[in-house]
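All chains should be built: construct the whole structure from the sequences, respecting the hints.
Now for the letters of each chain:
There are 2 protein chains.
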Amino acid sequence: MTDSGNVSTDVVAPTTPVPPDIEIAEAATIIPIVELARDRLGIDAADLVPYGHTKAKVSLAHLRTLTDHPDGNLVLVTAMSPTPAGEGKTTTSVGLADGLSLIGQKAMVALREPSMGPVFGIKGGAAGGGYAQVVPMVDINLNFTGDFAAIAAANNLLAALIDNHVHHGNALDIDPRTITWKRVVDLNDRALREVVVGLGGPVNGFPREDGFDIVVASEVMAIFCLATSIKDLRDRLGRIVVGYTRAKKPVRAADLKAHGPMAVILRDALAPNLVQTLEHTPALIHGGPFANIAHGCNSVIATTAALKLADYVITEAGFGADLGAEKFIDIKCRAAGLSPRAIVLVATVRALKYHGGVAVADLKAENVPAMEEGMSNLRRHLRNVTEVFGVPAVVAINRFPSDTDAEIERLKELVAALGSVAVEATHYSDGGAGCADLARAVVEAVEACAGPVSFTYPDELPLAQKVKAVARRIYDADTVTFDAKARKKIEQLEAEGYGHLPVCIAKTQSSFSTDPTMRGAPSGHTVNVREVRLSAGAGFVVMLTGEIMTMPGLPKVPASEHIDIDDEGRITGLS
Amino acid sequence: MTDSGNVSTDVVAPTTPVPPDIEIAEAATIIPIVELARDRLGIDAADLVPYGHTKAKVSLAHLRTLTDHPDGNLVLVTAMSPTPAGEGKTTTSVGLADGLSLIGQKAMVALREPSMGPVFGIKGGAAGGGYAQVVPMVDINLNFTGDFAAIAAANNLLAALIDNHVHHGNALDIDPRTITWKRVVDLNDRALREVVVGLGGPVNGFPREDGFDIVVASEVMAIFCLATSIKDLRDRLGRIVVGYTRAKKPVRAADLKAHGPMAVILRDALAPNLVQTLEHTPALIHGGPFANIAHGCNSVIATTAALKLADYVITEAGFGADLGAEKFIDIKCRAAGLSPRAIVLVATVRALKYHGGVAVADLKAENVPAMEEGMSNLRRHLRNVTEVFGVPAVVAINRFPSDTDAEIERLKELVAALGSVAVEATHYSDGGAGCADLARAVVEAVEACAGPVSFTYPDELPLAQKVKAVARRIYDADTVTFDAKARKKIEQLEAEGYGHLPVCIAKTQSSFSTDPTMRGAPSGHTVNVREVRLSAGAGFVVMLTGEIMTMPGLPKVPASEHIDIDDEGRITGLS
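Residue numbers (this note's numbering), protein chains in the order written: chain A, 1 to 575; chain B, 1001 to 1575.
Worth flagging that the hints you see were computed from the coordinates, not collected in a lab.
All figures in this text were calculated on a predicted structure; none of them were measured in a lab.
Quick reminder that beta carbons are idealized off the backbone N, C-alpha and C, glycines included.
Warning: the hint list may mix true and false statements.
Simulated restraints, written as ranges between beta carbons of each label pair [stated by the list, open to error]:
#: 1; chain 1: A; residue 1: LYS231; chain 2: B; residue 2: PRO1017; range: 27 to 37 Å
#: 2; chain 1: B; residue 1: ASP1311; chain 2: A; residue 2: ASN170; range: 49 to 59 Å
#: 3; chain 1: A; residue 1: THR180; chain 2: B; residue 2: HIS1069; range: 36 to 46 Å
#: 4; chain 1: B; residue 1: MET1549; chain 2: A; residue 2: LYS248; range: 44 to 54 Å
#: 5; chain 1: A; residue 1: THR29; chain 2: B; residue 2: PRO1017; range: 36 to 46 Å
#: 6; chain 1: B; residue 1: PRO1017; chain 2: A; residue 2: GLU491; range: 55 to 65 Å
#: 7; chain 1: A; residue 1: ASN170; chain 2: B; residue 2: ILE1408; range: 23 to 33 Å
Here's what the structure looks like:
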């Protein structure tokens, strides 16, 4: 009922042309999760919290028993600056994990949970694609194990408690004009971006301007993904700053006694979700913060759990390496004491041509010179990974049907000329077998890893200097400017004791610069920070450059129009 | 992790004084749900969709195999007009099911799922109380199996699609001023009652007045509880009327192609949730619509499933018998072809004294004359059950510690004088043993049941006449009046072909009249319908008398302030 697909240990052989994602997923053979956990991970059924027969949470109590186990090797999958369609980080992560399994390594993949909003909008699902998917695909893309619903409920309980506090006498003297805490839904709903609440007279509270974000943009999501235990979760929730008193003192969730009940709502969700790839590689899919105003990685609990359970853990971070990898390292690794031993940079011939100046409509045509031109983008990402972060890099060429052999071969040469290795990966059409070479290259890179990751900046650098460090070292910018209110906010936050936090820079993913139209590898540009937001519970300071959308809208013809269900409960149109 | 309590087949012996609900629940021994389903209900593990070890959905595919099984006996638990504290319908339902199990009957209880909003507000949880509870109590009161989150997501997807349609050219020519479809959250949040959405310029859509309801007040919840299959669910969702075109034609969810994806979101939730009482009687807890603007009963799917699985099925309906039992019969039984074979009227000495004019503060003091005076209320409910609905009645005296033996004995005499039987029930402090006598009386009543339930009015009666039938036959009102806009709406709905639907009267639960201060058994009063709302998907027309709150607020000191979690994940303060 809740579980899609058939139960068996077989792997369905790929066919050409590649069928739609949902057809592959629904035809998949899925090992009962209790068996997979027992046979592949040594986890007893009693240590699982099953959600149907093909999904389970791994109990936090069990994970606590693994603390003394040695850690496996962490491999981050990131990408060059993407085209609007994306370059396939999730499929590459899944394919690489399957490729590692295929060459005899004990591998797992740790991914973000999809948000339901985009499933009904433009983007569709986010459980991989082609023959590189996690299953049960329908469940993962929809309600899954209820984590996002719990995060939304916790977020919205805090919002209700804030307005309720003001309504009932406002003992904390909250200045309603300073309330920054928004409500959330897990849908694309532009009409909720800017609203006025509390209308209709005194019985309904105080009117004030407000807004809704999509749940993945919430600080609760970021906290959920950085928390290491129930206690840490509750403490972080308590530190959330929701606004200011009339005397300009921060008001925290703990002041409203909201953090306890919020943690109560989130208790069960905090255990990571175990599923599997089409080829039965165990996958932990847990948490999914935005990669702009948050750090864009799955939960720390899932990543650390996977490292205890497998020798190779493949994980991904949102957007290109300038955003995703930087935040993965400077925020997540710093907070959780993690260190990747290799970084896979996903590159596509399409994206290279795009950065070489080719229009989106012309990306399918062979164009080696444009690809050579676009190497500037990949080159800088490679430099950042190896020289700034000090981690061995492997370039994964995610091959598309329109790519020509000439393009692929030239790309390999160009990367080799930079002293790195580029490996063609055909997981989308071939599954793990299409990533076996990539897997071997990753094992080599891991074994060559000389030491722990380097951060872009140290904790003690002032906030503005941290932005400058990232802008200069990662983006090759020349100057960082701050709007007056941003500079004032930084001063205020440093005075309040938040100066030691890492920064989370919200920037376009389409360019190293803050201008999405500047392709390739712009340098000497200026980064302007127009707004600064504190995420005290998550433990970072968000620096916004340009407009960042925290509530997407639906397109004219939403994907929902093609999603339906028949009388037997079979779902169609999900991709 | 997700499951509270210990796993064993023992039942914890009651102690005096009765500990807090959560302490009893957390000390409870819970039979693994797979074993309970197998041993008590003959359901294989493969036909369950487990959610942890103590909760599971029973697959719809399995339920379809039971179609030809004979039905058990349906027993409705309802109540006299309640005091503000409620008279204990849920605890009596649970205790009665345990009592039936104790005297050797194969019994189940089918209840509504609690809403999370009130858990953090005033009311607390709704999984029973004392030694008459369903477990795992914490889970049931919080995220449970995610049904309410799925209902909220389906509801809010439709809302987003409406505003998105208007934004992208409004091909259906929806008049935005006529949109009646509200968004929902499963929280008490008064600031969301009346809002303006779509502010901030063209990119955010069209500004319009809007509002949020609590999820239990949504039509999707009512539809979910009346649907008999995935197909019926999808069809009902498609019939939802969300507003009108400028040419005043109804706009349906199907016109927005929203019903398919809404049913997709709800697919897994539609299977009923199996848990157990403290004494291991199987319980289906599924759906939970408001008892004012909706019909206030658990899902048809759960009730019909329970009737296939047990010989006695105890279910409850919200508020007093004038509201809950009437809607249970005229809406749910009519739609689903159900017929109760006995109705248990829960009465308390407290409520009788209240209806005899005693102030709430004085209800603990013995006062037999006031109780005799308050019998007018119980007498009319008894008359309605036996004479209007034609169902055998049993009065359950839910005994409170402050009740005196003199009061209890006099109450039994008074009911006996009316030709009915009243049985003392002490399930709160004694568990099922405290309901053994009540169980025997219920078995006798069921065996005496002469025929199917009678409806208050036939389908073909015009809408206004249906209200008059209920008002005169159930409320003893003399006159029904309609505000001009209500009368106009009735004419419009009848012209649109909705005249055959049953009516769902939203009225105060505190009185037979529409005035909550009129205790006892007022007669000759006037019922005024001030507003009429169509629930075309649910299949009823809501008639609102007085102000009906569809989004509760939080009190000055919300229950959330006392709810917390310790470092080991133990939850405290939930009641």
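Which constraints among the numbered hints does this structure fail? Numbers only, ascending.
Those not satisfied are hints 3, 4, 5, 7.
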